[in-house]
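Visitor: Chain by chain, the residues:
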Amino acid sequence: MSTHTEHQAPQGREPLDVNDPRLSRFDIVQEGARRDDIEIVHYEQQVVPGTKAERRLARTIALFFLLTGAAATAFLVIYIWWPWQWEPGRGGDKWYTPLLGVTLGIALLGIGFGILTWGKKLLAKEVSIQDRHDQPSSAEDRRIAGETMLFLADEMGIRRRPLLGVSLVAGLLPVGAVVAAPLIGGLITNPHKNNQMFTTGFKPQDGKKIRLIREDGRPIRPADVSVGGQLTVFPGIDGGVSNRHADSPTLLIHLREDDAQKSRAANAREGHGDYMWGNFAAFSKICTHAGCPASLYEQQTNRLLCPCHQSQFLITDNAKPVFGPASRRLPQLPIEVDEEGFFVAKSDYTETIGPDFWERP
Amino acid sequence: MKRRKFDVAAVPAKSAGALDDRFQAATPLRKVLNKVFPDHWSFLLGEIALFSFIVLVLTGVFLTFFFEPAMTEVVYDGSYAPLRGTPMSAAYASSLDLSFDVRGGLVMRQMHHWAALLFMASIVVHMLRVFFTGAFRKPRETNWIIGSLLFWVGFLAGFTGYSLPDDGLSGTGLRIASGIMLSIPVIGSWVTSSIFGGEFPGTIIISRFFIAHVLLIPGLLVALISAHLGLVFKQKHTQWPGPGRTNENVVGERFFPRYVLKQGGFFMVVFGVIALFGGLFQINPIWYFGPYEAWVVSAASQPDWYVMFLDGSTRLMPAWQIDIPIGDGYVIPPLFWPTVVLPGILVGLSLMYPFLEARRLKDHRHHNLLQRPRDVPARTAAGAMALAFFIVLTLSGGNDVIADKFHISLNAMTWAGRVGILILPPLAYYFTHRICLGLQQHDREVLAHGVETGIIKRLPDGRFVEVHQPLSAAEGHDGHAPALDYVGWVVPKKMNRLGALGPAIRGFFYPIEKPAEAPVSPGHPPVEPRPEREEIGSGESRR
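Same order as they appear, the protein sequences are chains E and S. Going by our numbering, the first residue of the first sequence is number 1, and it counts up by one from there. Going by our numbering, the first residue of the second sequence is number 1001, and it counts up by one from there.
Worth double-checking, as some hints may not be accurate.
[What the hints assert, rightly or not] Only pairs whose alpha carbons sit at most 27 Å apart, straight line, appear in this in silico DSS-like list of lysine-lysine:
| hint | chain 1 | residue 1 | chain 2 | residue 2 |
| --- | --- | --- | --- | --- |
| 1 | E | K125 | S | K1234 |
| 2 | E | K120 | S | K1234 |
| 3 | E | K125 | S | K1262 |
| 4 | E | K121 | S | K1031 |
Please keep in mind that the hints were generated in silico from the structure rather than gathered at the bench. In this text, all values refer to a predicted model and were calculated from it rather than measured experimentally.
Chain E with its partners taken away, still in its complex shape:
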């Protein structure tokens, strides 16, 4: 067991001649440490070389590394030969991914614990003390650095030749703007092109009213929605169901008789007297709070809940927000039935769809 315990301060020790042949390797290490203001105050082997304890530790570490080898081999075997592809009827093999994870995990943990055991148990423990040296630079150095920089400024002579400074700034600013311009200019997009923030797919095209359609594109007759039922509908235009018209999904609700009366009365108060058709009402599905689909309809209370932030809208009162963070009612789509007996939108929404923004009138 080699234990070196020194208690002298590093400054107090004489520098060693590292070429002295009598010095051991550790002496030279200590001398190197001394030059970096480190004092190795305690250095102690944890296991005695040649003992049973050492052999046992070496065996443990070797075992960890061999475990890694075995697990990594298993990973490769599984990766290559295990059936992994999805097949109709059977699905994927439910063990493939877990087995890969477990074998890879064990392989990595094996190396990890092997190295940790090696480092923690087999290597010598030490306590070293190093000076921090976090004092600021000397006043002299500070002065030299400062004066040098000021001298640089003098050499440039900007103070004596103000025209240079002014012209430099005047030249650099536009160049900086040139760097930024393509990025900003390329990205910037007018949000009000085609009045897109205030229109939806239900806007009549060439005076023709837009039909309400289902997800699969079929138009809807009043008899298709039972009393108390609801259906998500889309504008019957090209791409009306797709995300190209992400602001258009609408909830068509067939209200019960007494709820429909309440709803009609509420509509009339707002001057929306003709927005409903029979006992049918249609409201935008896009929440006025953050734009999630407000899609959980509670039939008994006629409340529509947005599952993202739990805003609740009372359908029988113009879809007024009654709970949660939404501050604006869901816009109502005026609907009627055309001569062929299918629902159409009388006009586009008369209020802005979706989350609120600064310039919304």
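With the hints as your guide, set chain S onto chain E.
Guide: Using the frame of chain E, we list chain S on its own:
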């Protein structure tokens, strides 16, 4: 002329010499090899973040080989039968292929996601360690700022990352993000349409998020992490107070070999745990969510955990809309406050904290020694307050799930959050402050009177007192041991800590030392007498 022999043994020394001739490497190398690093388990929390980042880069590069960042509409024709024939974006289709048609792709995808969650978690825990121990004080304010920025940049990395698959859940998150941008006064609609290239969702956002997620943000992360580590190296790590440890030195181990070996082993362990998680625990099963469609959402739509506090603040915000009656009328929607203003305040506060504290305490000295949280009750209490705030918001981010699982009214959960966010943080402050003071007082008490021994003594007048073991052997002038000074480190409070009452049998699973054997026959004495334990006295001998 005699040909010189080629000396194999001299090759390393010669080539090292040749390298030093050219690069003058020996002196700086000696300094690196010799660097002393203080050790404590809590210093390794930040390492977990670093190691998770390495795993993120490794797995992320793999994913980019198969992911197609495009919103072109395709019809899915992969192995996953339930979605076959469904129109979806190329991004979602390629994410499905990654999960089902790329051999081992799913385990890589899940490892990437778990590593991201671990990355953020370890950043937060590391940040708490740094905060509560005062490691951010001068001269380390810069590193605190870099660390705080790392959290927010990591937040962006996470958000852009989980938006990429363009599935039903992440698309809804993206929709909310667009709503948040829209809510910014004056410029909101312009910002949103510029980022999305028109009206939501447009056709370009996934490509833009992709380049941000794989190039811009990781670049920024690498730069910040390098600066963070470089500063730790330059300024040297803080250390706990203790014997021989001062503000001017570092007590620990030299970097090589033991410290570095332990780091390497720890990295492998972190990597291995992530691999186990990636294989065993499902994360973000995008195939259940379906492609993003503007009209589809399900209940229990939660973001990744580090985004949940913003979701919670959004849910708790009352519907306060500010109308500005100028011209046609302008609006500041309620969404603006919890999602733009609140994070802004949080960033500002966290960046400013070291300077605020130094200003309040008028403390402008260098601090290289850490503080125990109890010794700075005001800071610890403020941290507990911030933590309470964060936890209430995070729980509120999942309040619909809590309401569902525990059969509580959803509205009651929202109101509980609204009340809780106002009441719990101040309560956390008060109680933490009191607990800190109590712990401080107990430390002083033990230093003055000694450790409780559990031995009850009856005095001649009939009173019972507990015997205390003084921590100092010295005798004061009045016959009692003098009170010791508190030095900012753990005070032993149990007799075992003094080595007095060790466990009866040592060993974890099985005893590593056998108790003395009982004598074979009553006639024989024991082979070895039991070692006499020294009696614990009260300082005054009983003789």
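Visitor: Take the hints in turn and mark each one as holding or not.
Guide: Hint check results:
no.	hint	in the structure
1	E:K125 with S:K1234	holds (25 Å)
2	E:K120 with S:K1234	holds (26 Å)
3	E:K125 with S:K1262	holds (13 Å)
4	E:K121 with S:K1031	holds (26 Å)
Going down the numbered hints, you'll see the structure goes against none, and every one checks out.
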